[in-house]
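Student: Model the full assembly from the supplied sequences, consistent with the hints where possible.
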Amino acid sequence: MASKREADPCWAYGTKIEGNSQWVQLARRYLPLFAIDNYALDASQGMREVDRQFLAAPVKSAVDKFQLLPEFLKVRGLVKEHLDSFNYFVNTEIKKIVRANDLVKSRLDDKVYLRYRDVWIGTPSVVVDGVTDEMSPQKCRLGDMTYSAPIYVNIEYCNGNHGQNTHPLFKREVIIGRMPIMLKSSKCVLYGKDEDELAKVGECPLDPGGYFVVKGNEKVILIQEQLSKNRIIIDTDKKGCIQASIMSSTAMTKSKTVIVMEKEKIYLSLNSFTSKVPIMVVMKAMGMESDQEVVQMLGRDPQYAALLLPSIEDCANHGIYTQEQALEFLEKKHKKNKFGKDEGALGVLRNIFIAIVRVRDNNFHPKCVYVVVMLRRMMDALLNKDSMDDKDYIGNKRLELSGQLISILFEDLFKTLNTNLAKLVDSILNKSSRSSRFDISQHLMKDDITNGLERSLSTGNWNVQRFKMDRKGITQIVSRLSFIAAYGYMTKISPQFEKSRKVSGPRALQPSQWGMLCPCDTPEGEQCGLVKNLALMTHVTTDEEEGPIITLCSCLGVEDLSQLSGEELHSPSSYLIILNGLILGKHRKPQFFANAMRKLRRAGKIADFVSVYVNEKQRCVYIASDGGRVCRPLVIADKGVSRIKHHHMKELKDGVRNFDSFLQEGLIEYLDVNEENNALIALYEGEATSETTHIEIEPFTILGVCAGLIPFPHHNQSPRNTYQCAMGKQAMGNIAYNQLCRMDTLIYLLAYPQRPLLTTRTIELVGYDKLGAGQNATVAVMSYSGYDIEDAIVMNKSSLDRGFGRCIVMKRHTAAFQKYQNSCDKFSPPSRAPHDREKNQILDNDGLASPGEIIRHQDIFFTKLCPENANVSISSHPSNTKYRPNRQTYKGAEGEAAVVDRVALCSDKRNNLCVKFMIRHTRRPEVGDKFSSRHGQKGVCGTIIQQEDFPFSERGICPDLIMNPHGFPSRMTVGKMIELLGSKAGVSCGKFHYGSAFGEPSGHAHKVEDISETLVKHGFCYNGKDFLYSGITGMPLQAYIFMGPIYYQKLKHMVMDKMHARGMGPRQLITRQPTEGRSKNGGLRVGEMERDCLIAYGASNLIYERLMISSDPFEVQVCRKCGLLGYENHKTKAKVCSTCKNGDNISSMKLPYACKLLFQEIQSMNIVPKLTLSDS
Amino acid sequence: MEGASYQRFPKVKIRELKDDYAKFELRETDASVANALRRVMIAEVPTIAIDLVEIEVNSSVLNDEFIAHRLGLIPLTSERAMSMRFSRDCDACDGDGQCEFCSVEFHLRAKCINDQTLDVTSKDLYSSDHTVVPVDFSDTSSGFENPEDQRGITIVKLRKGQELRLRAIARKGIGKDHAKWSPAATVTFMYEPEIHINEEMMETLSLEEKTSVVESSPTKVFGINPHTQQVEVVDPEAYTYDDEVLKKVEAMGKPGLVEIYAKEDSFIFTVESTGAVKASQLVLNAIEVLKQKLDAVRLSEDTVEADDQFGELGAHMRGG
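Listed in order, the protein sequences are those of chains A and V. Heads up, the final residue of the first sequence is numbered 1176 in full-length UniProt numbering, and it's a clean run with no missing numbers. Heads up, the final residue of the second sequence is numbered 320 in full-length UniProt numbering, and it's a clean run with no missing numbers.
Bear in mind the hints are in silico, worked out from the structure with no lab data behind them. Keep in mind that a hint or two might mislead.
To be verified - Among the chain A residues that face chain V by a calculated CB cut under 10 angstroms, a handful are:
1. Pro572
2. Ser798
3. Arg802
4. Gly803
5. Asp901
6. Thr922
7. Ile957
8. His1018
9. Asp1026
10. Gly1031
11. Thr1033
12. Pro1036
Just so you know, these numbers come straight off a predicted model, no measurement behind them. Note that beta-carbon positions come from the ideal geometry of N, C-alpha and C, so glycine has one too.
Tutor: Right, here's the structure in full:
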């Protein structure tokens, strides 16, 4: 890259500095120190002319580039990739799809046709009783509707000549279906709205958008990770053979081409051929009959020719020398296509084999070149093992976003719509007599697209036969447990590979993830390392037009392949230029070419996200403009001097500039993973050397949203950060500004959430300081009472009384008034009779519980009248219908009083009246509730102790909770200790302290020395330890106690929801054993391991009791003679064996019912289970 | 009780007394007595606090329980509390806790009618008893000039059209049951430190060394006399038992230069009241409660009740 910037004008300076070596050295050392104000320094010290010029020059002072970040997020939002992708689909892709399939023709009558002229998406709306209404997402959430907009088309059609009218007719704004709209996308009503306007439509201004509302549920399409299409990947197959594979994907076809080397011979394996085909046969079939030409194209080096020799011999052994012979050979192997037109082996080679290389005028030459390039790369890999491609490398991956996924779905549905239309038209035209006038435009079925999109979004199943796609779990419900959890869903990347594979490669942290994917945020267990999350500044590209780039390349001196001889293909003097996997040609000065391309990109002449990457090893220049690449912004540096100067940042602060202007002026650019390989990126400006080409904006942006909440994560053991990423999503707090207007199935809220005393920059950027999920608790790290073993925490009762950890749990209960054929459910006033009164007391006269009423376990909150016979004939008088009451009772914790918070009425899809009850329960922490700090240190409340028993300091400070010091040594969460120190300094000086990741050098995290100084200034010990007295005895404690505030999260796991025990209770129907699970009031299972213990202990009676008496005892009659089960006649009390037809040898005994059931089931399979009885 | 008498006569010296703040020395007694006094002040001095809320209308953003909890935590002036009855012991109202002997009724009516946010504060609570009212912080002359700051404790904020109407009943209770009945914001004590400076040794030090000794303490305990250049104890009570000076002296290789002991029989108490009871009254009430507790033990010396009430302690007090 050294020669990259020859033509850059601002270069002149660099050379000057370089020349003045002595000064340079000095300046390097001291300039950062007084770089604060160059101008002031200049004037006051009256520097000599040379120095003056020098100082005014762009110097290496640490420009605080942090301000760029909020700016970046302002123009982008945190889910820009989703929005961009969807916007691209809605504005561009959908038009392409419709244009590609714009004609529907009748097969019977040539004149009958329908042509789509234009397509666009309207504004989100809802049609109620034929009236179209404006729609807002909040209305959809509350009313269980889908937030969607109509898809309009303009059509031109002709109904044939039966009406003597063959002129085309036109119709405008025909609706062909409804498209679910992504929130905050360009088609959404929320687009471009400010905080006040958002509040007016009931939306939270901090909500990121990027999801859909389908039938009242918020659904997000997860980012799908997959191997990139149209790229040659060299790796080994299962047997260890080297193979080159390429997944071709064009608008027409999708195919996988594999060239594999087996036993020194090279074969092609393609799905359209029944077995592997020798590659030389394929070459000959494509018209390259001369072996010499192939060898020539491979390159002069005899090594390559030697590797190809066995394949050439193989081909000769088959006796194939000409194109005809080769095609004949291939024809035999060709799988016959059952439907559609079959073009034979040549057709396969033309259309399916390496589909991205288009064959024009039967010129197979480009395809041959492509095969040779693949062969050459394979052979390179054979000769030199490290030129193998890494499948886990992020540069070889593409992220599929909502827009792409929806466009696949839409394309399929649109094509189905058209084929259905054609079929329908044909069937109508077939009819001899038609009652009404035929009008093709009347037969557009708009429900197909609407329902198809809605179904896929709500189930998450992408089942598209047309593209051989069958994926499950593409969409997920956005969990609103906490604000951060919702964010986490937007950045989540779900893998494409199966999880069961034992290989560790895909799970490991890839070096190329740096800055693109968060290194901390991944789930534990099965999905570990496969599910990833985007980092803070990552952007995912969308497709870019290729045409202009191709023209540009040829302008810049790319020589077209057709003008080159085979020999020149791999000539060492020039590089191959490859655009999105397509070979454009060769260039003699690759570095010059790359520089020129980049300059054009920085000047804004080509799109920002086009990447140019010179691969010296493969002697290729890769240009990529396809969608799904991950990239991130970086500051451009010229020979190590940042292009961003103080005045730029000042202009930014003054609002003269924004992030886009930085991009447009070429101060900042986006690099994707591949182009990063050509860059030398300095972490800080001060570390830049003359080779440096880019400088990071802020180091903490390598982390994602969830990991960004952790203060001082760079001081923690790495798995702890990963645990916190998972736990932050379970923490209770404020969900959104509109949290009290939401009707989710379950909402957890904290009564008094706080913002953390120790914040990070990410917290401020994301808005966690406005929607916090935790409280700053004064923590004493000491042992107390013994109820703090195994990470349990001891809590102060007075703190709980005052509201620490108090939370509100809201649950939604729904009920519906059903409609039947000729009758429907009715409202019913509840009975006020004395014996019903207690149960019905919270009901209003309409049979619905009224808001504000206290509701207890077993209370009725809903009654209605159902018709006894749903299918009443229409002839019977309505007053004859008999009704029976139907009620719903509330099942909550016994002895706990909840409150009916809200009751909402809405109509559901089938126009039934739907009643939603939000039932609220306020809880204070109790023993067993789970809490966690922000460092992966979770623990349950072990005991609650009176304040007077708690230790206190002579200032009167008494901790809110006590944590056992054993939590520290093995976890090594030093960050937590620094958090404690920092928060303590924060409360004593009244300023929020910062702990951003890697923030110490750039001032985004406080240093421990500075924190200690603050502590000492306010009369605390520098190490954060305090002198405490025992609250029980009043004597001083023997040790100094590390005490201060730590931000604690209350997690959603609470004993009240889990606690369970039962004695007698419900049983299963078939086995008569106790039911399983808390929700069914089930029994507690004595499992096989528990049983083993009891056997080992010899407690046989206990086993007998547990497994038989407390479970499913049953008395059976056994015939001693035949060993089968008999029965007892209830009336006569006679015991009979039904096999022996007598009752002579019957004994009664006890068996588990499940055992008896087993015998009977076995008998039903014609196997005789016999019991042999003996006296005991 | 037989055997030697350990009876001592503690002395109290008041250092500072404000309405809500008291600082005094307690001498010639031991930690158990001092701690008992502290514990009683926190947990057992009765006050009055809102215990039952009947909500008529609540269209505010906070839910009923939320408001009830906030009301409960408002300190009410509780001079009457010592003479009031616990509602559970009240025979005038059969324990339903709504008579004048054991309860005080409050009313709150607030509705926002204009576009400005209305802060409903403790001042909007109307008491049926003028002796029991929400604590007023505005007249503590703490220097708040802005009338906005003198609005009492915010209960909830209302926007246009929202309304809050409720009836609340305050009862007597103790901090042990719920922190809302605790009259103490801060009650703490410290042992009085005794600091000895070995003058002879100190003389051998240079001025720099002296300053380094002085500055080693995070709090300003020592100072250098500008005239004599001697190290002096400026404020012994600023010492936080942090041992920093001792460590410093040790590190200088002069152990014994400064010696610090805690006087085991003198305590410096700091009492801050929530405003429910005056700080001075809080201490007196605490002593009263403590006396009653001891009386209870003594009265029921060998009765079963003592065992019920005090468990092993009762037996211990009887000399068992």
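Student: All the hints need checking, so say for each whether the structure fits it.
Tutor: Going through the hints against the structure:
1. Pro572: Not OK, violated: Pro572(A) not within 10 angstroms of chain V, min 71 angstroms.
2. Ser798: 4 angstroms, holds
3. Arg802: 6 angstroms, holds
4. Gly803: Since chain V brings a Cβ to about 7 angstroms from Gly803(A), closer than 10 angstroms, the hint holds.
5. Asp901: 7 angstroms, holds
6. Thr922: At about 4 angstroms, which falls below the 10 angstroms cut-off, the nearest Cβ of chain V leaves the hint on Thr922(A) intact, so it holds.
7. Ile957: Ile957(A) check passes; min Cβ-Cβ to chain V is 8 angstroms, inside 10 angstroms.
8. His1018: Holds, about 9 angstroms.
9. Asp1026: 8 angstroms, holds
10. Gly1031: It holds, given that the least Cβ distance between Gly1031(A) and chain V is near 7 angstroms, below 10 angstroms.
11. Thr1033: Holds. Min distance 6 angstroms.
12. Pro1036: Check passed: Cβ of Pro1036(A) comes within 7 angstroms of chain V, closer than 10 angstroms.
In this structure, the one hint that does not hold is number 1.
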